[in-house]
Amino acid sequence: MKLTKSLTSHNNWFIIKPKLTGILVFLLFCIVFSLIISQQYQIAKKAKYDAMRAKLQAIHKSIDESLKNYYVDALTLSLSINDKGIPENFEAVGKQILATNPNIDAVQLVPNGIIKYTYPEKGNQAAKGIDILNSKKYCFEAFKAIETRKMYFAGPFELRQGGLGILGRLAIYKNNKFWGFSAVIIRLETLLKKPEFVNLDHSKYFFQFSKINLNTKKETFILNTKEKLDPENAVTSIIPDGDWKLYLVDKKPNELVFPFVIRSLLALFLASLIGFLITSFFKKPAELEILLRKQSDKLLKNEIKFKSIFDQAAVGITYVDSHTGKFSEVNKRFCELTGYSSEESKSMDLESITHPEDIKKSLLFLEKLYKHEIEEFSLEKRYISKYGKIIWVNITVSPLWKKGETPSNHIVIIEDISKRKKADKIIIDSQKRIESLINTVDGIVWECDAKTLEFNFISKKVEDILGYTSEEWINTPDFWTNHILPKDKEFTLRYCEEQTALKQNHDFEYRIIAKDGTIVWMRDIVNVIVENNEAKSLRGIMIDVTKTKEIEKELNNSFNLVSEQNKRLLNFSYIVSHNLRSHTSNISSIVDLIETSESEEEKEEMVQLLKSVSDSLNETMLNLNEIVNIQTNVGIVTENLNLKQYLDNTLSILGDQIELKGVTVVSSIDDTIEVNYNPAYLQSVLYNLISNAIRYSHHDRNPVINIDCYIENKKTVVQISDNGIGIDLNKNGHKIFGMYKKFSTHKDSKGIGLFITKNQIDAMGGSITVESEPNLGTTFKVYIS
Amino acid sequence: MKEKTIWIIDDDPIYQIIMKKIIVKSEIFSSNFSFSDGKEAIDSLKKIILKNEKFPDIILLDIEMPILDGWGFMEEFALLKPQINAEIKIYISSSSIAIEDKERAQNNPGILGYMSKPVTLDNLIKIAS
Numbered sequence: 212m213k214l215t216k217s218l219t220s221h222n223n224w225f226i227i228k229p230k231l232t233g234i235l236v237f238l239l240f241c242i243v244f245s246l247i248i249s250q251q252y253q254i255a256k257k258a259k260y261d262a263m264r265a266k267l268q269a270i271h272k273s274i275d276e277s278l279k280n281y282y283v284d285a286l287t288l289s290l291s292i293n294d295k296g297i298p299e300n301f302e303a304v305g306k307q308i309l310a311t312n313p314n315i316d317a318v319q320l321v322p323n324g325i326i327k328y329t330y331p332e333k334g335n336q337a338a339k340g341i342d343i344l345n346s347k348k349y350c351f352e353a354f355k356a357i358e359t360r361k362m363y364f365a366g367p368f369e370l371r372q373g374g375l376g377i378l379g380r381l382a383i384y385k386n387n388k389f390w391g392f393s394a395v396i397i398r399l400e401t402l403l404k405k406p407e408f409v410n411l412d413h414s415k416y417f418f419q420f421s422k423i424n425l426n427t428k429k430e431t432f433i434l435n436t437k438e439k440l441d442p443e444n445a446v447t448s449i450i451p452d453g454d455w456k457l458y459l460v461d462k463k464p465n466e467l468v469f470p471f472v473i474r475s476l477l478a479l480f481l482a483s484l485i486g487f488l489i490t491s492f493f494k495k496p497a498e499l500e501i502l503l504r505k506q507s508d509k510l511l512k513n514e515i516k517f518k519s520i521f522d523q524a525a526v527g528i529t530y531v532d533s534h535t536g537k538f539s540e541v542n543k544r545f546c547e548l549t550g551y552s553s554e555e556s557k558s559m560d561l562e563s564i565t566h567p568e569d570i571k572k573s574l575l576f577l578e579k580l581y582k583h584e585i586e587e588f589s590l591e592k593r594y595i596s597k598y599g600k601i602i603w604v605n606i607t608v609s610p611l612w613k614k615g616e617t618p619s620n621h622i623v624i625i626e627d628i629s630k631r632k633k634a635d636k637i638i639i640d641s642q643k644r645i646e647s648l649i650n651t652v653d654g655i656v657w658e659c660d661a662k663t664l665e666f667n668f669i670s671k672k673v674e675d676i677l678g679y680t681s682e683e684w685i686n687t688p689d690f691w692t693n694h695i696l697p698k699d700k701e702f703t704l705r706y707c708e709e710q711t712a713l714k715q716n717h718d719f720e721y722r723i724i725a726k727d728g729t730i731v732w733m734r735d736i737v738n739v740i741v742e743n744n745e746a747k748s749l750r751g752i753m754i755d756v757t758k759t760k761e762i763e764k765e766l767n768n769s770f771n772l773v774s775e776q777n778k779r780l781l782n783f784s785y786i787v788s789h790n791l792r793s794h795t796s797n798i799s800s801i802v803d804l805i806e807t808s809e810s811e812e813e814k815e816e817m818v819q820l821l822k823s824v825s826d827s828l829n830e831t832m833l834n835l836n837e838i839v840n841i842q843t844n845v846g847i848v849t850e851n852l853n854l855k856q857y858l859d860n861t862l863s864i865l866g867d868q869i870e871l872k873g874v875t876v877v878s879s880i881d882d883t884i885e886v887n888y889n890p891a892y893l894q895s896v897l898y899n900l901i902s903n904a905i906r907y908s909h910h911d912r913n914p915v916i917n918i919d920c921y922i923e924n925k926k927t928v929v930q931i932s933d934n935g936i937g938i939d940l941n942k943n944g945h946k947i948f949g950m951y952k953k954f955s956t957h958k959d960s961k962g963i964g965l966f967i968t969k970n971q972i973d974a975m976g977g978s979i980t981v982e983s984e985p986n987l988g989t990t991f992k993v994y995i996s
Numbered sequence: 072m073k074e075k076t077i078w079i080i081d082d083d084p085i086y087q088i089i090m091k092k093i094i095v096k097s098e099i100f101s102s103n104f105s106f107s108d109g110k111e112a113i114d115s116l117k118k119i120i121l122k123n124e125k126f127p128d129i130i131l132l133d134i135e136m137p138i139l140d141g142w143g144f145m146e147e148f149a150l151l152k153p154q155i156n157a158e159i160k161i162y163i164s165s166s167s168i169a170i171e172d173k174e175r176a177q178n179n180p181g182i183l184g185y186m187s188k189p190v191t192l193d194n195l196i197k198i199a200s
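Here the protein sequences line up with chains A and B, keeping their order.
First residue of the first sequence: 212, per the working numbering; consecutive thereafter.
First residue of the second sequence: 72, per the working numbering; consecutive thereafter.
The hints are simulated quantities; they were obtained by calculation from the structure and are not laboratory data.
Being a predicted model, the structure only gives us computed values, none of them experimental.
Honestly, I wouldn't trust all of these hints.
Cβ pair distances, simulated, as ranges [unchecked claim]: (1) B/Lys118 x A/Glu806: 34 to 44 Å; (2) B/Gln177 x A/Ser799: 21 to 31 Å; (3) A/Ser774 x B/Glu174: 13 to 23 Å; (4) B/Pro84 x A/Gly873: 24 to 34 Å; (5) A/Phe770 x B/Glu174: 24 to 34 Å; (6) A/Gly873 x B/Ala169: 35 to 45 Å; (7) A/Lys671 x B/Ala169: 53 to 63 Å; (8) A/His910 x B/Glu174: 33 to 43 Å; (9) B/Lys96 x A/Phe770: 51 to 61 Å; (10) B/Ala169 x A/His909: 33 to 43 Å; (11) A/Ser996 x B/Lys118: 46 to 56 Å; (12) A/Ile736 x B/Gln177: 43 to 53 Å; (13) A/His910 x B/Ser97: 35 to 45 Å.
Part of the chain A face toward chain B, derived, beta carbon under 7 Å [unchecked claim]: (14) Ser796; (15) Asn797; (16) Ser799; (17) Leu804; (18) Val824.
Cβ atoms here follow ideal geometry from the backbone N, Cα and C, with glycine treated the same way.
Isolated chain A (complex conformation) (with noise of 0.2 Å):
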């Protein structure tokens, strides 16, 4: 673990500074290419000098055949030293050697060091008689000549002829005695006049060749050149037989400097751009490095953050496990809440802590988070605490995995509703007892908006006495409205509008049509709730006062049956005091009268008069027994009764005073029709009618009667009208059904007639009205039920 720490941690320090690494592998590859290069250059170099050298070793192979050559020269002329020690056909030997070797001056044989013979002699007599083993000059290689009892080349030297000369001496011995020398004189130009050495590319090289001194031991460069000898740049081999020195000279020894230099140049810029490569590849990683450091510094303190916030956030948070339903971690508002440790929670599950009747509700929910049918979800259960308390809570379900994974966690977010639960179950109880109170009051109890008349209450009670229930009430817009009864509809909304915009509250009656089609009388009682000086809703409560308008209706009915009766009873009351009164007055006048009367004459005319007073009287109480009987007849006897039967007989009895008057009745009356009534009473009304009708005709013109029957509210209606004078009902209207009471001074008019009909229509359960213009006509309806 360490490990791959430190590693990750080398590697990151690579990453996080990329300019480094990449000055770190240029230098590396600037290493590697550098060794590489000086490696090639050496390389080469050797085999730039491995060639040299081979061409000087041609050349020195060259020269060493050429002086083995001479050796054999020089040997081929000692043998012409005969036993005596003298030269025998010197002269001739010499000629044949340097017919045969052209590279040959000439040659000499020195005896004892002496030059004698030298062919040719021309050119080269200056050295006869030279004593080369005591001159100094050439002493030293004379000797090492002898030394070395081999040819020993001396020189090069100045020939007397001109250019530069080697000598070639052997020493000879003759008897095991030293004799002297051979030698060659050889031209330096001949000898180096090899094919080695003239197809040497000179452009490339210079050659030159030096002598050590024997004596001196210093070394003398003998070709002249321009070029400068640097032995660093050339190639040497030593020729022991002369003690020189051969050189062959790198006259371009920069030459592979100049590609070294451009290939190094290359290779830097190579290493530069690996090493920038590197630095541009790793600077994105460093980016990136660096960032995923800022992220994970991030995480960690959000991290923290959210550690906290879980450990003391005012709500209970859980992981749960979702395969086992265990608590994977709680935070201390949990624990606090539900009385376990933190420990002590792990072990447990939802369902060891929720209530067992909220288990099933809790699962169901689950399930359909697993199958991904909701995305999440609130509940409202209740847990079981440590100590076997309550709680009410609300939690919050949300799942951790993604959409299409299967269930691995989720988080359960708890808030205590407990206090809440309290409360609301206070007032959902409140409520309960308002509702089950204004539910039993035995009134509909409602509220609506002041303006529109849209109830947002009603109670239950309306469903008892209207049949509705209060949500279709609520539900249906303007249902107030539209189940007013139409005729008190206008009045009732403009009641309660006048009233609302008063803002007074207010109590009237009207009637609604209830669900089974019944008229209910209601009694509103309003009052306006007024908010910000506006009517903002209206309460009331409606009562159904349907009996009690009964009663009244009944009162009422009673109550004008009691006044008609007292009315009644004041005609009667006018009966006696004006009918009754007027015939005792008289009575009482013609009585005095007759007291005071001062003839028989005169008293036998008041006699008279107080006869025709009691004819008077005698019929008016006749009369007044007739209505009596009526109105005290209580069970009069009703059959049903053809009604053209009936008009005919009537007709029949007025007959006469119809043909006198030329009075046209005209009937639309079949046989058909029957009607139930007291036969005398039909008769009675019928005759009273017709003869009024005939009666009272107007004599500009011809009577004519109209008798109808038709039905009118259920009710069969007889209708009588005529052409006749008519009765100003403005005036006598309210007279027309009065005892006595006459319109005209007609002289058979009694006012008696329509008193007693109406009496009879009115004992018989119907009624009677009447439509009259003066001097048009008048029209009779009868009213049978």
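Following the hints, put chain B in place on chain A, whose structure we already have.
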């Protein structure tokens, strides 16, 4: 005193006969006329206005009458009043004992008094004086 005229407006013919007898006996009035309803009396008043004849001094008016009753007469009379340049004393004489009628009579400024039938000679003398 002898110049006074009295009108009886009543639909009861027996009452008319009786009143005539009493008026004659009283010897206060020079003449008397009877009308069986208010309309007849109004028509006569109109005639008097036209012919510029003498208006009655006293009218005894019944309430219950056909065509035009006592109250109807009073209304018509009020319309004619500007054209009448004499003082006519109108008394109600009715068999009605209803209080309403009495009150109504009292409230009408054109009616001087209410006499319940029967009207006696003494009553007549009293109103005439």
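Hint-by-hint comparison with the structure:
Between B/Lys118 and A/Glu806 the C-beta distance comes to about 38 Å, which sits within the given range of 34 to 44 Å. At roughly 25 Å, the beta-carbon separation of B/Gln177 and A/Ser799 lies within the given 21 to 31 Å, and the hint holds. Hint check: A/Ser774 to B/Glu174, Cβ distance near 21 Å, so the stated range 13 to 23 Å holds. Checking the proposed 24 to 34 Å range against B/Pro84 and A/Gly873 shows it holds: the Cβ atoms sit about 31 Å from each other.
Checked against the hint of 24 to 34 Å, the pair A/Phe770 and B/Glu174 passes, with Cβ atoms roughly 26 Å apart. The supplied range of 35 to 45 Å is met by A/Gly873 and B/Ala169, whose beta-carbon atoms lie about 43 Å from each other. Look at A/Lys671 against B/Ala169: about 60 Å separates their beta carbons, and that is inside 53 to 63 Å. Taking the beta carbon of each, A/His910 and B/Glu174 are about 40 Å apart, inside 33 to 43 Å as hinted.
Between B/Lys96 and A/Phe770 the beta carbons are some 52 Å apart, a value that agrees with the proposed interval 51 to 61 Å. Between B/Ala169 and A/His909 the beta carbon distance is about 35 Å. The supplied range of 33 to 43 Å therefore holds. Under the hint 46 to 56 Å, the C-beta atoms of A/Ser996 and B/Lys118, about 52 Å apart, fit the expected range. At roughly 48 Å, the beta carbons of A/Ile736 and B/Gln177 sit within the given window of 43 to 53 Å.
Distance hint check: the CB atoms of A/His910 and B/Ser97 are about 41 Å apart, consistent with the given range 35 to 45 Å. The restraint placing A/Ser796 at the interface with chain B holds, with a minimum CB-CB distance near 4 Å, inside the 7 Å limit. For A/Asn797, the interface hint holds, the least distance from its beta-carbon to any beta-carbon of chain B being 5 Å, beneath 7 Å. Hint status for A/Ser799 relative to chain B: holds, with the closest Cβ pair at about 5 Å, below 7 Å.
Because the beta carbon of A/Leu804 sits about 5 Å from the nearest beta carbon in chain B, less than 7 Å, this interface hint is met. A distance limit of 7 Å between C-beta atoms decides the matter here; for A/Val824 the minimum to chain B is near 6 Å, and the interface restraint holds.
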